[in-house]
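Protein chains: 4
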Amino acid sequence: MTAVSFEYNIDVSWGDCDPAGIIYYPNYFNWFDATFHAFLKSRNLDQRILEQKLGTLGTGLIDVGASFKAPITYGDLLSISLTLGSWSDKTLRLAYEGHCNGSTVIVGHELRGLFMRDHNTGKISAASIKPLRALIEA
Amino acid sequence: MTAVSFEYNIDVSWGDCDPAGIIYYPNYFNWFDATFHAFLKSRNLDQRILEQKLGTLGTGLIDVGASFKAPITYGDLLSISLTLGSWSDKTLRLAYEGHCNGSTVIVGHELRGLFMRDHNTGKISAASIKPLRALIEA
Amino acid sequence: MTAVSFEYNIDVSWGDCDPAGIIYYPNYFNWFDATFHAFLKSRNLDQRILEQKLGTLGTGLIDVGASFKAPITYGDLLSISLTLGSWSDKTLRLAYEGHCNGSTVIVGHELRGLFMRDHNTGKISAASIKPLRALIEA
Amino acid sequence: MTAVSFEYNIDVSWGDCDPAGIIYYPNYFNWFDATFHAFLKSRNLDQRILEQKLGTLGTGLIDVGASFKAPITYGDLLSISLTLGSWSDKTLRLAYEGHCNGSTVIVGHELRGLFMRDHNTGKISAASIKPLRALIEA
Chain P
2 MTAVSFEYNI
12 DVSWGDCDPA
22 GIIYYPNYFN
32 WFDATFHAFL
42 KSRNLDQRIL
52 EQKLGTLGTG
62 LIDVGASFKA
72 PITYGDLLSI
82 SLTLGSWSDK
92 TLRLAYEGHC
102 NGSTVIVGHE
112 LRGLFMRDHN
122 TGKISAASIK
132 PLRALIEA
Chain B
2 MTAVSFEYNI
12 DVSWGDCDPA
22 GIIYYPNYFN
32 WFDATFHAFL
42 KSRNLDQRIL
52 EQKLGTLGTG
62 LIDVGASFKA
72 PITYGDLLSI
82 SLTLGSWSDK
92 TLRLAYEGHC
102 NGSTVIVGHE
112 LRGLFMRDHN
122 TGKISAASIK
132 PLRALIEA
Chain V
2 MTAVSFEYNI
12 DVSWGDCDPA
22 GIIYYPNYFN
32 WFDATFHAFL
42 KSRNLDQRIL
52 EQKLGTLGTG
62 LIDVGASFKA
72 PITYGDLLSI
82 SLTLGSWSDK
92 TLRLAYEGHC
102 NGSTVIVGHE
112 LRGLFMRDHN
122 TGKISAASIK
132 PLRALIEA
Chain A
2 MTAVSFEYNI
12 DVSWGDCDPA
22 GIIYYPNYFN
32 WFDATFHAFL
42 KSRNLDQRIL
52 EQKLGTLGTG
62 LIDVGASFKA
72 PITYGDLLSI
82 SLTLGSWSDK
92 TLRLAYEGHC
102 NGSTVIVGHE
112 LRGLFMRDHN
122 TGKISAASIK
132 PLRALIEA
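Chains as they are written, first to last, in this note's numbering: chain P, 2 to 139; chain B, 2 to 139; chain V, 2 to 139; chain A, 2 to 139.
Do not take every clue at face value.
The list cannot tell twin chains apart, which means a pair is met if one copy fits it or any two copies do.
[What the hints assert, rightly or not] No more than 16 angstroms apart at the CA atoms, straight line, and that leaves these computed lysine to aspartate or glutamate pairs for EDC-like: (1) 42 <-> 8; (2) 70 <-> 98; (3) 42 <-> 77; (4) 131 <-> 64; (5) 131 <-> 90; (6) 124 <-> 12; (7) 131 <-> 12.
The hints are simulated quantities; they were obtained by calculation from the structure and are not laboratory data.
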């Protein structure tokens, strides 16, 4: 099976940058998250549809990380590629790379689970992720 | 003279929304700001170039406002149009309208000045905006 | 009846500022919103409790605006005061003032409604705000 | 030598949460960053002072990561503790833990460098971090 990948582009804006004139780093995670949700939408599987189909609360985060390779600034065009990595019983690993002007500027990952709310206790916990895998691989 | 206008599109994402499932309103101002900076960039007049040409610190805000006409949510496509309004000696008024699925969802404005830092006192204040007008109308 | 007011303090941080070194303006609306929600919480009336008591989706925005009086930067302490203004059948007007080092740096307002979702159509609209007024004035 | 640590508190607000009603995860990195800058400020070493003393552009990120242990929501009080970890020639490792109601909700780290701009090329790169270490340990 070939790797599933998806691309999302961001025009880095003035307000995305800090007083050093470079991207304020938490914004990269906004864009990782937006890339993942745009991927789901491209498969007609947004959170609303997952909630209807699977009764889930959302595809939340278990672990996340990133390494910053080069600073970029407003006016730059950032292209983020998402690659679906490995699945475990309760997790999906997503690999991200951000490119700008032919250079890699960030490499990161998200480990996501499929969260449900227990209607008795109100507690949120990770359920089996197999139903999501089945929908994505359909 | 015909009105100068510019359009900027936003894929509203999961993270742009609040627990009510609709856009968390401060995000609209991120997008107004991003629209204005994208407009400047489209004229090859971003803040870096304005700093070089005019010695300015940036095109900062004097007044801003918005009326919310209808709530929208993740998965929606928001299209923001900017129209250059009136100029005074020190200000430029920008009108914004956001549309989604054929409806107007937000109407707003920004009143911007051209800010400079006094090198003796360190104070920031609004300078004449005529040099910016000349560049935009060139 | 004396005016109801409430104060909220923000340590302006590096990441709140733009490449000009001053607050990126949409952040002020994050803080207006946070001030209002902290006020509700101080009255034991957060959105969760309002949802339970009134069946509402949230206290959303109808109109908002602000005038910027002076730029401030990271390291500054911003104190925002909220004052409950006038009520109409469907709206509550809130007045905000931000102070720093004894100067007024921002003056703004929010016009809020009490939003409900129609369970038949799924549409969100503003309901009577009287039940919220009764709870706040209790 | 005992570990250097610092604590920063956040009132989690409505606007910090996503449609699932829990914290939108990139906000945790805003708070890690704000905690670090509040720590520097507590030592009278903010970016402005470091720029004056060391000629640096800022204390930027090389690597960052976090594991999410439990979801929290608006109305919760999040307490983030920062602990200064190991120094290398060009990096400082910071460990973060977030607590809420006696539970650990997030464990993370930042690897930071001291960035300078080369005045000939305009390029930004990590310099020796020893001058920062000397100031912090003074």
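Hints versus structure:
no.: 1; hint: 42 <-> 8; result: within (13 angstroms within a copy, 23 angstroms between copies)
no.: 2; hint: 70 <-> 98; result: within (10 angstroms within a copy, 25 angstroms between copies)
no.: 3; hint: 42 <-> 77; result: between (25 angstroms within a copy, 11 angstroms between copies)
no.: 4; hint: 131 <-> 64; result: neither (19 angstroms within a copy, 31 angstroms between copies)
no.: 5; hint: 131 <-> 90; result: within (7 angstroms within a copy, 45 angstroms between copies)
no.: 6; hint: 124 <-> 12; result: neither (38 angstroms within a copy, 21 angstroms between copies)
no.: 7; hint: 131 <-> 12; result: neither (35 angstroms within a copy, 28 angstroms between copies)
The structure does not agree with the numbered hints 4, 6 and 7 stated previously, though it agrees with the rest.
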